[in-house]
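2 protein chains.
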Amino acid sequence: MANPLIECVPNYSEGRRPEVIEAIVEPFRHRPGCALLDHRADKDHNRLVVSLVGRPGPIQEALMESARVAVARINLEHHQGGHPRIGAVDVIPFIPLRNIAMGDCVVLARQFGMRFYEETGVPVYFYEEAALKPERRALEVIRKGQFETLKVEISRPDRHPDVGEPRIHPTAGATAVGARKFLIAFNVNLGTSDLELAKKIAKAVRSSSGGLCYVKGIGLALQDRGLTQVSMNIVDYEKNALYRVVEFIRMEAKRWGVPIVETEVYGMIPAAALLDSLSYYMHLTGFEPKQVLELALLDELGKEERS
Amino acid sequence: MANPLIECVPNYSEGRRPEVIEAIVEPFRHRPGCALLDHRADKDHNRLVVSLVGRPGPIQEALMESARVAVARINLEHHQGGHPRIGAVDVIPFIPLRNIAMGDCVVLARQFGMRFYEETGVPVYFYEEAALKPERRALEVIRKGQFETLKVEISRPDRHPDVGEPRIHPTAGATAVGARKFLIAFNVNLGTSDLELAKKIAKAVRSSSGGLCYVKGIGLALQDRGLTQVSMNIVDYEKNALYRVVEFIRMEAKRWGVPIVETEVYGMIPAAALLDSLSYYMHLTGFEPKQVLELALLDELGKEERS
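For the protein sequence lines, the chains are G and Z, in the order given.
For the first sequence, counting from 1, position 103 maps to 103 in this note's numbering; every step adds exactly one.
Converting from the second sequence to this note's numbering requires adding 307 to each position, the first position being numbered 1.
Since the hints were made in silico from the structure, they are not lab data.
Check the hints yourself; a few may be wrong.
Within a straight-line C-alpha distance of at most 27 Å, the following computed DSSO-like cross-link-like pairs (lysine-lysine) qualify [said to hold, decoys possible]:
| hint | chain 1 | residue 1 | chain 2 | residue 2 |
| --- | --- | --- | --- | --- |
| 1 | G | K181 | G | K203 |
| 2 | Z | K597 | G | K216 |
| 3 | Z | K597 | G | K239 |
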């Protein structure tokens with residue numbers, strides 16, 4: 001059987017200090033079996049999102065090295081930013097890509113969570129497919145009230161961590177480790193500074209208040225630019241296509257005479273999600289991914305690798 | 308230096324007989340160094356378009372095998388179809404992809420053209436970058452009047468072939484061999500059976516009558532379906548983006564109350580062309596190709612191959 005391939009997208013609570021960002025990312029560079037595909041620091045969110053693809057073993061080794069740096073250099077007591085967070089290493093999801101099942105990624109997540117606590121002393125919550133308690137499938141439940149609330153409430157039995165003592169790490173908080181499907185982080189920037197409006201539209205589009213079933217979203221201010229943002233995670237892009245999210249938001253914003261100024265894909269996206277939306281806008285029919293030169297070449301290289 | 312990689316897209320005048328199509332394509336299967344990425348037969352066009360990617364040597368060997376089949380089994384005297392053609396093997400373009408310059412593809416084209424004539428007796432015209440006469444850069448000039456006219460006019464000095472005696476092959480006609488940039492074959496199907504209207508719109512969008520500079524196009528009937536088609540080649544997709552072509556045609560068709568029913572990409576397309584158009588429709592900003600999971604993986608595999 002071919003090598004199992006996973007994606008891993010650790011999120012760190014640091015988006016402003018370049019030297020800390022580089023120190024966190026460094027363990028992912030030049031490491032056989034672990035490819036650093038992307039890393040993006042956002043000043044408004046004060047958050048770093050890293051995209052890794054590779055084999056489980058090398059990815060876990062690199063994650064531990066990187067986590068030690070983040071735990072040492074990030075202090076949640078001094079951290080401010082637009083994105084909800086509970087820890088220096090805020091979330092670590094394991095995502096099956098090829099030749100590996102979701103169940104295997106659940107095992108990886110739980111093994112890694114235990115090692116992570118042992119080596120850093122940061123308590124761990126398991127989420128989504130790796131959750132040990134049904135209510136903790138939802139990251140929002142684990143992150144409720146963020147670091148500031150969790151440091152008090154962690155001693156309550158319903159908020160005890162899945163791994164570790166029921167007390168927060170004084171500077172590095174807690175960490176959520178999970179297994180999940182490929183997630184697309186997608187932002188729509190609105191031509192208004194009215195934060196209430198962005199929140200209203202986020203509420204309309206997200207599943208928790210009756211919108212699209214696989215969309216999570218919040219409204220944020222982009223203060224530097226006088227804009228607002230509907231910041232979303234699309235947790236099943238096959239069921240909630242990007243174009244449908246864009247056109248849904250366009251429709252809602254139109255009610256207030258507000259335009260979509262731009263959209264952003266944050267981190268990685270599978271080609272299928274892009275082709276799906278392009279087909280909608282351009283009326284493409286009968287189009288197959290293998291018509292894309294690079295995708296056909298990737299398939300050919302894959303064949304050579306197997307033979 | 309890494310292996311040179313070219314694309315080659317031979318077009319054959321056969322889109323209806325499955326057993327002939329398969330015999331033409333067979334030499335491209337299971338051949339090291341020559342990957343068959345796509346092949347599409349169109350009944351209306353009565354034409355087969357094959358997309359190959361690989362190293363120049365193996366591709367040329369496979370082309371010769373395939374050409375012998377096409378020359379033996381296609382008779383232009385009995386061929387009818389919506390697409391202009393002069394030969395059984397109608398055109399063979401060589402396209403630089405990686406680690407090879409356009410000048411090298413010109414050399415390949417000319418070498419191949421000479422060998423092709425020697426082994427099949429089919430006269431050859433060189434076109435685009437491989438043209439020996441400036442007016443023959445344009446394939447339309449070489450194909451003017453198609454097989455039926457060329458078989459008479461080939462004896463005129465201005466229509467003499469570049470390789471071979473000035474007489475047509477009685478059944479296989481003549482062949483155009485060239486070197487060019489990556490070309491996107493793109494069709495827009497209109498919700499009307501009015502062929503004159505499709506021709507009018509093709510005229511508006513193509514460069515030869517003042518439209519977009521890198522678009523060639525003709526109007527065709529899709530008789531089976533009661534539709535018409537603007538059938539185009541986009542010869543520089545970086546300068547004439549797909550979305551601009553679609554919206555241009557939409558604008559023209561709107562004048563007559565005619566909708567775009569669907570669009571088709573025929574054969575291969577580079578990812579950049581798709582991302583470009585998607586960015587337009589979805590207001591994407593700051594998006595980089597390496598955010599596409601498969602493109603990032605292809606880069607990583609490329610690195611491993613080189614090391």
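Comparing the hints with the structure gives:
no., hint, result
1, K181(G) - K203(G), "holds (23 Å)"
2, K597(Z) - K216(G), "holds (25 Å)"
3, K597(Z) - K239(G), "holds (24 Å)"
Against the hints set out earlier in the document, no violation occurs for any number.
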